Amino acid sequence: MSQRMVNILVPVVSVILGLIVGAIVMLVSGFNPVAGYSALWNGIFGDTYNIGETVRTITPYIFSGLAVAFAFRTGMFNIGVEGQLIMGWLAAAYVGQAFEMPTGLHAVVAILAAAVAGGIWAFIPGLLKAKLQVHEVIVTIMMNYIALHTANAAISAISDGGEKTDKIYPSASLASEWLSSMTQFSRLHWGFVVAILAVIIMWILLEKTTLGYELKSVGFNKNASEYAGMNVSRNIILAMVISGMFAGVGGAMEALGTFGNMMKMTAATGIGFDGIAVALLGANQPFGVLLGAILFGALKNGGLNMPNEAGIPTEIVSIVIALIIFFVASGYLIRLGLEKFGKKNKDTQKIKEGK
Amino acid sequence: MSFLDVLYFIIPSAIFYAAPLIMTAIGGVFTERSGVVNIGLEGIMIIGAFISVIFNLTFADKLAGWAPWLGLVVAMVVGAIFSLLLAVAAISFRADQTVTGVALNMLGLALAVFSVKMIYDKGQTDSISERFGRYDVPVLGDIPVIGRMFFHDLHMTSVLAIAVAFLAWFVIYKTPFGLRLRAVGEHPVAADTMGVNVTKMRYIAVMISGALGGIGGAIYAQAIAGNFSALTISGQGFMAIAAMIFGKWHPLGALGAALFFGLAQSLSIAGASIPYVKDIPEVILLILPYVLTILALAGFIGKANAPKASGKPYIKGKR
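Protein chains in written order, with this note's numbering: chain A, 23 to 377; chain B, 6 to 324.
Worth flagging that the hints you see were computed from the coordinates, not collected in a lab. Note that the coordinates shown come from a computational prediction; the quantities given were computed from them, not determined experimentally. Here a beta-carbon is modelled for each residue, glycine too, at the ideal position from N, C-alpha and C. Treat the hints with care, since some could be wrong.
As the list claims (entries may be wrong) - Covered stretches of chain B (in silico footprint by chain A; criterion: 3 or more residues with CB under 8 Å from a CB of chain A, positions within the stretch not fixed):
| hint | segment |
| --- | --- |
| 1 | 93-102 |
| 2 | 237-246 |
| 3 | 278-291 |
| 4 | 296-303 |
Claimed, not checked - Straight-line C-alpha distance at most 25 Å; calculated BS3-like pairs for lysine-lysine:
| hint | chain 1 | residue 1 | chain 2 | residue 2 |
| --- | --- | --- | --- | --- |
| 5 | B | K321 | A | K362 |
| 6 | A | K286 | B | K283 |
| 7 | B | K313 | A | K153 |
| 8 | B | K205 | B | K179 |
| 9 | B | K283 | A | K186 |
Unchecked claim - Anything over 10 Å on all C-beta distances counts as not near chain A; from chain B, calculated:
| hint | residue |
| --- | --- |
| 10 | L68 |
| 11 | V78 |
| 12 | I86 |
| 13 | D131 |
| 14 | S132 |
| 15 | L145 |
| 16 | V150 |
| 17 | I151 |
| 18 | F155 |
| 19 | G183 |
| 20 | R185 |
| 21 | V201 |
| 22 | T204 |
| 23 | K205 |
| 24 | Y319 |
Please model the entire structure based on the sequences and the hints provided.
Have a look at this one:
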């Protein structure tokens, strides 16, 4: 079996294993897995409203997945997507409600503000990594909680002690009456177009530019890159900032599209952490991330239908997603299995051919 | 309120809030010392909190005052079993430790909330009737000033947590087991050459962290929260990781850091009624532990160095 084939099969096998173990969990808990999964299916594709909401859920996952994947490709682990997304959400919500601008331009400015906010939030761990060799995992986790509490305090300040910011002006909104009416008044908005653009931008950046080549090179081998004349610490910081910008724009999708404002939160949104799953499943390739986001976004949104239709708590979907991560991360085992399987096939083939 | 009154009020409360952090942070010290990064402590705490509350609610009638203590034991066992997922994936299957830890967090929360909804048909449990009690320590409590500060209204769980921290220090630094543990985390190849079973040591360390994390969650649920919902444990596991790093991967350092973070937590909750403190914006106290941890990592408050082999799977025969 070719290496390429194995690389594609590992995520596929993981998803299937995750769904099987999920079915076993349902069975053990006294639920009917067939009813559960058909409720999940209906929650994703049941009617146009569900399809609209599914696409809406997928949109921020694309961004958080891209953010994690971009960092991975450049040799870093950004667990801080959650915090960068929160800061981007805050920035977009603020720009959307504080200024008045022409329609369209306003949305663009708000999205750029979100990108800058996410980028700044990622700049700190990037700087610490580049200049002081501090491992980015712990710093980004800490930055998540700092973001959560800071954003809550900022929302309080912006809204004079309120629990949420004012609604953004329609000029900044990504919401569309046309999309909404087409999908039985779901919250579907234009964000998915921005997300697909982001996928293409990341692909071009990584595969077609000198900058992308340098970023990947530094991630792959710092010393060799330095020897080749690249500025290692600049590239590390830049990689982290770009990753944070993707996350920030993901937050803007929530601010300008789904909610139209930002409310105080007691815990992280989870979108950033799920982004790790998305990136992992998509093998850190931009178009792989798109597929991963479609799968997890669909699962998350479809899962909301499971309590109504089958009486199964929606958390079963999170269990399945966590299991999929386990299986993808333990890819070594699946690879081993696939290789053995492949060898056996080859052996039997040889015997058949009489060799 | 005089300054002394403030201390009488804030110190017991700081120790009270620190107990779950101490337990979990010590658990973190064990795994990281063996070379396994355990980001999944949050998920382990959630499982511990969940199982202890369920146990407590189910057996409160029969066990009365013993219910929270047995809940603690159950949480310890279940936490250790749950952490095996990390051990198997990260040690045997060479999975990325951080990714597996993140999966553990997701799985812990999802499993716990799924089960609560299944058992109680709602998102959170009822409040437990049997909580951890407070005691006034005889003799020591009669010492002027200090007695009232440290030995009045003391939770036995806090005493247990501090005792575990000292025990951990003894185990890690004064026993052959501890020496092997540290060797495996610093240089697994050398340890393996000397006949130390790297895989076994790492499995044990991860399970100890699971046991202590489970206890930490159980203390939080049964002493502070009083019930279980999706939001009972939100960030305490990560704060414990922060305490471990701020304490420089040393059990007593982690103890001190956890006590300090407990102080910050109790100030952010009770600060409004204390002079001076009420003038500090709440957000400063809330983010203080995390900011300090970043500063510690950056070397502004003494350099914090992780064990050398931390985060790398050990593959026999590979250099």
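Discussion item. To test your reading of the hints: which numbers does this structure violate?
Written reply: Per hint list: zero violations.
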